[in-house]
Amino acid sequence: MMSATTRQLVAAAAAGDQEAWAALIDRYSSLLWSVARSFRLPDSDAADVVQTTWLRLVEHLDGVDDPDRLPGWLATTVRRECLRLVRRAAHESYGPIAEVADDGPGLDAGVLKDERDAALWLAFAQLDEGCQQLLRVLMADPPPAYATVAAALDLPIGSIGPTRARCLSKLRQMPGISQLADGTSAWDGSPGRAT
Amino acid sequence: MGRVPGEGHVSEPLSDDELMARLSEVAAVADPVPEALLSAARAAFGLRDLDARVAELMRDSAVDVSATAVRGPGPRMLSFESGEVAIECEVTPDAARRDIFGQLVGGTAPAVDAQVPGQPPVTVPVDADGCFSVRGLPAGPARLRARLADGTTLVTSWAVI
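Protein chains in written order, with our numbering: chain A, 10 to 204; chain B, 82 to 242.
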């Protein structure tokens, strides 16, 4: 099922195939979660917007105009739901959406056993908000197409590549990571690391 | 990683693609998609409602800034519409609970079901003016469903309340 195209999965799910539905969730949940986190939503709000996006897809399974563009539709839907929660918190009497800690939601490096990974995550958490947002979406697995990223963040598609390069360059210059990524340590991209 | 930290090991620096892949792997460990969310997403398929027509969310005072500017802060207003039938909702928060005071416009129904994923629906009566109220729903996605007098079923689009 994982090798099926998104078009095939949408068609099968619309016909009532629960396994096809589960395969769509496996394929795109990381994207949706990454977008929600890129808006710095805490756990419960992030879960609500992702779940609502899936519920909306269930609602619209029969009306998906172009299944090949499903990732873009999902990204746009989850972005709108994120903005809804962010603005609701800003304009209404719902109170702050999160107790703002030093790090944003999901940015705790404590669970990372490898100190190089922890250093990388800490450095990421110190980037400016724009870079954090873009890179967090790009961390989705499988890697999203730039068109999907553009839909998730309402950015021109042509800006994604250059901004990614600029943000990764900033990341390399962060204290605590420069020595990890400058080629003098074993922390590199050569074969042997887990994929 | 699969590598022993090198001592004096010199190698090529990470390319952008390699660094991005590394970030992706770290994110999968440090901030994974919660398993409970994946389960809930799979279960969402069971909430498919093939018989109902969907009333789309047309207005939301939380995002319509002009509405907020006119009214000032207050309960959140949500408007769902399908053709001539509309469901207007006022959502009032109380910690992690939400109360809905709503009105069915352009159609009649004896009752409205408030539905939350993973829970049995809550049925409340609709009065002669089309008004109904649902108390104590958990914060999160919810929808309303009404069997109209003309025999059709109307269901609102899912919204996070």
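Simulated from the structure, these hints should not be mistaken for lab results. Certain hints may be false.
To be verified - Some, not all, of what chain B presents toward chain A, calculated at C-beta under 10 Å:
{"no.": "1", "residue": "R129"}
{"no.": "2", "residue": "D130"}
{"no.": "3", "residue": "R140"}
{"no.": "4", "residue": "P201"}
{"no.": "5", "residue": "V203"}
{"no.": "6", "residue": "C212"}
{"no.": "7", "residue": "S238"}
It should be emphasised that the depicted structure is a prediction, and the values quoted were computed from it without experimental measurement. Beta carbons: idealized from backbone N, C-alpha and C, even for Gly.
Now for the hints, and whether the structure bears them out:
1. Against a cut-off of 10 Å between C-beta atoms, the interface hint on R129 of chain B holds, since the closest Cβ of chain A lies about 5 Å away.
2. Interface restraint check for D130 of chain B: the shortest CB-CB distance to chain A comes to about 8 Å, inside 10 Å, so the restraint holds.
3. The closest approach between the C-beta of R140 of chain B and any C-beta of chain A is roughly 12 Å, which is over the 10 Å cut-off, so the hint fails.
4. Using the Cβ-Cβ criterion of 10 Å, the hint placing P201 of chain B at the interface with chain A is not satisfied: the shortest such distance is roughly 17 Å.
5. The restraint placing V203 of chain B at the interface with chain A is violated, with a minimum CB-CB distance near 17 Å, outside the 10 Å limit.
6. At its closest, the beta carbon of C212 of chain B sits 22 Å from a beta carbon of chain A; the interface hint therefore is violated under the 10 Å criterion.
7. Of the supplied interface hints, the one on S238 of chain B holds, with its beta-carbon coming within about 6 Å of a beta-carbon of chain A, less than 10 Å.
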